Each structure stands twice: as C-alpha cells, then as structure tokens.
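So the chains spell out like this:
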Amino acid sequence: MADLNTAETPFDFVTASYLTRIGNQSAGTLAELLTGLEHCSDASIFHHTFQTLGTHHFLTEGFSNDFAQWVLASTNRNDLAEQLTALDIRDYMSIAALRSDLCRVVRDFCDAEPQFAAQSGLERFYFCESVEVTVPLGRSTRNLDEFREGLEHLSHASFYFHFISSRLRLQLQTNDFSLWLSGSLGLRTLADSVNQIDIYTNTLDSARTKMLRLIDRERRKA
Amino acid sequence: MSEVLTASRIPLENYAEVVGAGEIEELRALAKPLRGRSIEMINSTAVGGGVAEILNRLVPLAEELDLGIRWDVMKGAEEFFDVTKSFHNALHGEPYHAKPKDFEIFLSYNEQNRATLPLDAEFVVIHDPQPAALIDARKPSSNHWVWRCHIDLSHPNRAVWDFLEKFVTRYDGAMFSSPEFSRQLSIPQYLFYPAIDPLSEKNCPLDSEFIEQVLRRYQIDPQRPILTQISRFDRLKDPVGVIRAYRIVKRYFDCQLVLAGGSASDDPEGALVLKDVLRAAEQDPDIKILELPAWAPLEVNALQRASTIVVQKSLREGFGLTVSEALWKKKPVVASAVGGIPSQIIHKHTGLLAHSVEGTAYQIRFLLSHPQIAAKLGENGHEHVKENFLITQKLKRYLALFLMLDRGL
Numbered sequence: 001m002a003d004l005n006t007a008e009t010p011f012d013f014v015t016a017s018y019l020t021r022i023g024n025q026s027a028g029t030l031a032e033l034l035t036g037l038e039h040c041s042d043a044s045i046f047h048h049t050f051q052t053l054g055t056h057h058f059l060t061e062g063f064s065n066d067f068a069q070w071v072l073a074s075t076n077r078n079d080l081a082e083q084l085t086a087l088d089i090r091d092y093m094s095i096a097a098l099r100s101d102l103c104r105v106v107r108d109f110c111d112a113e114p115q116f117a118a119q120s121g122l123e124r125f126y127f128c129e130s131v132e133v134t135v136p137l138g139r140s141t142r143n144l145d146e147f148r149e150g151l152e153h154l155s156h157a158s159f160y161f162h163f164i165s166s167r168l169r170l171q172l173q174t175n176d177f178s179l180w181l182s183g184s185l186g187l188r189t190l191a192d193s194v195n196q197i198d199i200y201t202n203t204l205d206s207a208r209t210k211m212l213r214l215i216d217r218e219r220r221k222a
Numbered sequence: 001m002s003e004v005l006t007a008s009r010i011p012l013e014n015y016a017e018v019v020g021a022g023e024i025e026e027l028r029a030l031a032k033p034l035r036g037r038s039i040e041m042i043n044s045t046a047v048g049g050g051v052a053e054i055l056n057r058l059v060p061l062a063e064e065l066d067l068g069i070r071w072d073v074m075k076g077a078e079e080f081f082d083v084t085k086s087f088h089n090a091l092h093g094e095p096y097h098a099k100p101k102d103f104e105i106f107l108s109y110n111e112q113n114r115a116t117l118p119l120d121a122e123f124v125v126i127h128d129p130q131p132a133a134l135i136d137a138r139k140p141s142s143n144h145w146v147w148r149c150h151i152d153l154s155h156p157n158r159a160v161w162d163f164l165e166k167f168v169t170r171y172d173g174a175m176f177s178s179p180e181f182s183r184q185l186s187i188p189q190y191l192f193y194p195a196i197d198p199l200s201e202k203n204c205p206l207d208s209e210f211i212e213q214v215l216r217r218y219q220i221d222p223q224r225p226i227l228t229q230i231s232r233f234d235r236l237k238d239p240v241g242v243i244r245a246y247r248i249v250k251r252y253f254d255c256q257l258v259l260a261g262g263s264a265s266d267d268p269e270g271a272l273v274l275k276d277v278l279r280a281a282e283q284d285p286d287i288k289i290l291e292l293p294a295w296a297p298l299e300v301n302a303l304q305r306a307s308t309i310v311v312q313k314s315l316r317e318g319f320g321l322t323v324s325e326a327l328w329k330k331k332p333v334v335a336s337a338v339g340g341i342p343s344q345i346i347h348k349h350t351g352l353l354a355h356s357v358e359g360t361a362y363q364i365r366f367l368l369s370h371p372q373i374a375a376k377l378g379e380n381g382h383e384h385v386k387e388n389f390l391i392t393q394k395l396k397r398y399l400a401l402f403l404m405l406d407r408g409l
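So the sequences go chain by chain: A and B.
Under our numbering, the first sequence has 176 at position 176, and the numbering climbs by one with no breaks.
Under our numbering, the second sequence has 3 at position 3, and the numbering climbs by one with no breaks.
Hint data in this document are derived by calculation from the structure and do not stem from the laboratory.
On a predicted model such as this, the values are computed, not experimentally measured, just so you know.
Check the hints yourself; a few may be wrong.
With the Cβ distance kept under 7 Å, some of the chain A side facing chain B (calculated, not the full set) [stated by the list, open to error]: (1) R21; (2) T55; (3) V133.
We treat Cβ as the ideally placed atom computed from N, Cα and C, and that holds for glycine.
With the hints as constraints, model all of the structure from the sequences given.
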C-alpha cells in the first residue's frame, strides 16, 4: 500500500508532439468512407478519433471525431453524423474495437440508405495518421502538491498525452493521472473523479481546471 | 551561396503571453535532444513571398532553442527563375509545354548551387521545387533530407511533375500544406500547415484609437456592418464575386464592403482586375476599394479588426492565411471551400464555408442576423488558430519532425 503523502514511484511528466502523416487513401462518398475505415491503419483511426479530440478540444458542441464532422459538413447526413458522434472513445480498449463500431455504423447506414451511399460529398475525406514523438519534461513529482504544481503549468499537448491518449496506450479505461493517483498515492476516490471528467464536453483547459479543483478539495481534507 | 540574416527578432519568451508558458516550456523540452544539431533551410528567395516571411520568423526562434540552424538562399539568373516560374504555374495545373532546354536550365542552376551551398547539415530542409534537385548532393545515409512543398500539387502538369518526382522520391519525406495538395508518393508525406506570427505587425493587438484613425482615413463608418476581403486584385480571389454577394446582402442589411489589397500598379493582370472591380462597384459609396502600399501590415490588421465579417471568396487558393489572420482576431469568417481554407474553417464551428456567390451572401446574412453565433465562431476560430496555425506550432512541428527522423520512427 502506497503512502498517502509520498509516492514510491514518481509521476514523470512527458510531452508529446504529433506529426500528421498523410495517407494514400481518401473518400468522396459514404461507401468510400466505409472502404477507407475497413482498410486504413490503426494509426489513422487513432488520428481521426483520439488525436482530433486534442487538436479540436476547444469545440465542445457536436464535434467528437473527424468522421462525424465530415459526414455532417460534406454529405449533410445528420442522422449518420449523430451516430458517429455518439461513439465515445472511453468505451474502447482497442482500436480494433473502435474501428469495428465505426464500420458497423457506416455500413448499417449505407445498407439502409443505398441512395446516399454513392452520393458525392462536397469535399473529400483524406485519411491521415498520427506519429507521436515524446520527450520528458524533466519534471518529476512524488506528492499531491508537486503534482498539482506540475499539472497547472502543463501545455495542452502534454495534458492531452497523459489524460486522453494514455487511455489507448495503456489499454485501460483510465488515464495516466488517475492511474498514478490511485496506484501510487492510494487516492482512489480522487482518481475516479478525475477519470469521470467528460472529455467531450470540456476543453482541455476546463478539464484541467476541474482536475485542479478536485485536487484542491482533496488537499483540504488532509 | 548566401546565408540569410534574419531581421526583427522577437524573443521566444514574448510568445508565452500569447500561447502560455507551458507551450514555451514544451518547445524547450522538444528542442533539448536536438541542441547543437545542424539544420539547413534552403529556398529560392530571401524576401517577398510566404516562405521567406515564415523563415524570417522561424529561424531566429530555432536559434533561441540552441539549434544549429542556418538559412541559405539558392542563386539563379533570370533564365532560371523564368523556368521555375513556369514550372510553378504548370504544377498549379496551368497549360505548359516544357521544352528540353527548360529542364537543362533547371538542372544546371541546381548543379551550380550544389557546388557552393554547404548541404552538410544533419537535417536539410528544401523548400519548393526550385532547389529540389539539390538532393543529388546527398551522400548515402549521411543525413536527413526533407522536401517542403508550399504549392498545390493536386492537378500538376504531367511532364513537369514526372521530371520533379524523380528527385522528390529520393527525400526522406515530403511536407504539404493540405492533404488535398499531396501526391501518391513512395515516401512518407506529412501535413505542415503554414503559420501566422501573432506578434507581427499584421497580427499584434492594436489600440482602438489607431483602428478608428484607419477607418476615418478611408471613410468607413464604424457604426454600420463592415464586410472585408483582404487579397490582391486577382481573378482567383473573385473580388467581383464578393461585390455580387455584397449586393445581395445589401438588400437586407445596410452594410459596407471593403476590398483591400496590394497596389496593382506593377502587375498588368492585377490592374485589369482592379478595373473590373471598379466597374462592378458602380461608384457605390459603401464599397471601399483600397490599394494599400506594400500591404501596409498595420492597416490590414486594423481593417480586419474593425470588420464585422471577413470574407475570403477565392475560386482557387493556396492555403489562404488571411483566413487565419482574421480568425486570430476572433472575426467570423465566410470563405470558399477551396485549397487550404477547409483546414482553417471547420464548417459551423470555426466559420462558415460557401460554394457560390449566393451561398456566400446567405452565410453573411445569417451571421449578421445572429451576432451571438458569429461571436462564438470567432472565439472558436481564435482557439483553432492558436492550436494549429501559429508560428510556435510550426516550430513544434519541425522539432517533432527532426526528432522523428533522428529516432527512425
């Protein structure tokens, strides 16, 4: 059992920078989108779902992934866009499972509405991939005070890396912060509360503010 | 060979006020493993044009991060730049019958530059087609070479592209401003957005007094809605189409239109377009056609800040950084869905896209009727630019690229 005040394993803040690699696939219709979804790389699915949540974090209304946005803006299929928007990356522990659901939703729509499946969209959808490059920030924390200090000054990319991207990397339904708060500081309730912060309806800044508030509440208890 | 001395240094720390201290710390962390490593940027002009403008800002910032960066400009005579100008237009899809002599001239100047440029940096970044054949100087597995293409290659002239492709595919990677501009290549391709500098004269905050002064100078009424398009007088920017859209809007709103761009006096085609624009304006006192001296960055800045809505109704576009400039100023933007504009305008989130004169007019009317939505789009647009289209983000992308190449990812 970890000491509540000082962790044996420190939390090492890392930052990540993402390069977007342009793939050789694109789609002009919903049928082509389905083909693309079936054949694109895992890195591409990651890019258009997880990564876009970081780069477009300031959009908290109706924007959860690139596929949904393209379906809405380019093909004007609100019904399909809504179904794609409703997929929550926190429900998935693997890209394969997420891809399977994306394909199922688009396939069901194309089967039910074949007249729309071949209709050309206004713009093409280009499948891209994310290449993640990480470097340590050189900031290590062992207690809640230091952790709070580090969290407060993190860049968006670093916050995104630990709070969102980590869910997939660890194949867990949690994130780096919650994992450490629970596993190393023994603060399970705080870890759960942090994990419950809605990444779809918050910006990265507002998610961080909520997290800081939760930490402050925990510190007041001590 | 000429090493370019960059001007107007702005310390990296000054950007912390704009992007946050965390972002600057992150840049320093990303640069740390690259400290002292050599980087050479090569393009074909030291002044004028977007590439030189970006390098002028980027290189001093990279130096501040202790990177061994230098910027060299290739040399060429008129015959070389005539050929490369033709290549440029042909790559944009204009008709062109390339003669064998053109390719010889291109190769000859690249060879001359190979003899004088150092080309021994660990990371060599070649900008655009002009110096593309410098890759011949690369020693096997010695260093990393990447090609940054700033132009739209979606519909290139076959002969010119076939010639260039042989060089391009020998690089470690190619970078494009939009996925739409890229080609099917055997080497990895990366998305590298152009960027604006939030601290430059064109984008820095301005006193309201100065803005009012600019409006007074051009007899623009600050009390009525102002629609603005900033662009040179070029048919592809469709200034006459903007006037047609304005006339539709004018039926419903007592608005003004500002069309501002660089002087057309030294550009024969621009002068013809300007003539058409003046004719289309029919001496409407609410249409202000402004020929600004050398783009007058502070005035452009003031006009954008004073605008109710910024329009960019291009028929074709490279990236269209004037859109990012307007979004940075939290302005609602109505723009055509061409070139790199859809990367900047996420429809209904960071602005509104249109596909016709009527569509442009409709979106403008919608925003004038819904100022709260217009304000929200402007706010989102500002955040979008902050996250993706600032010079600091561009620097970060380069650092990530060099780290990625270094680590063999």
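Verification of the hints:
1. R21: 6 Å, holds
2. T55: 6 Å, holds
3. V133: Check passed: Cβ of V133 (chain A) comes within 4 Å of chain B, closer than 7 Å.
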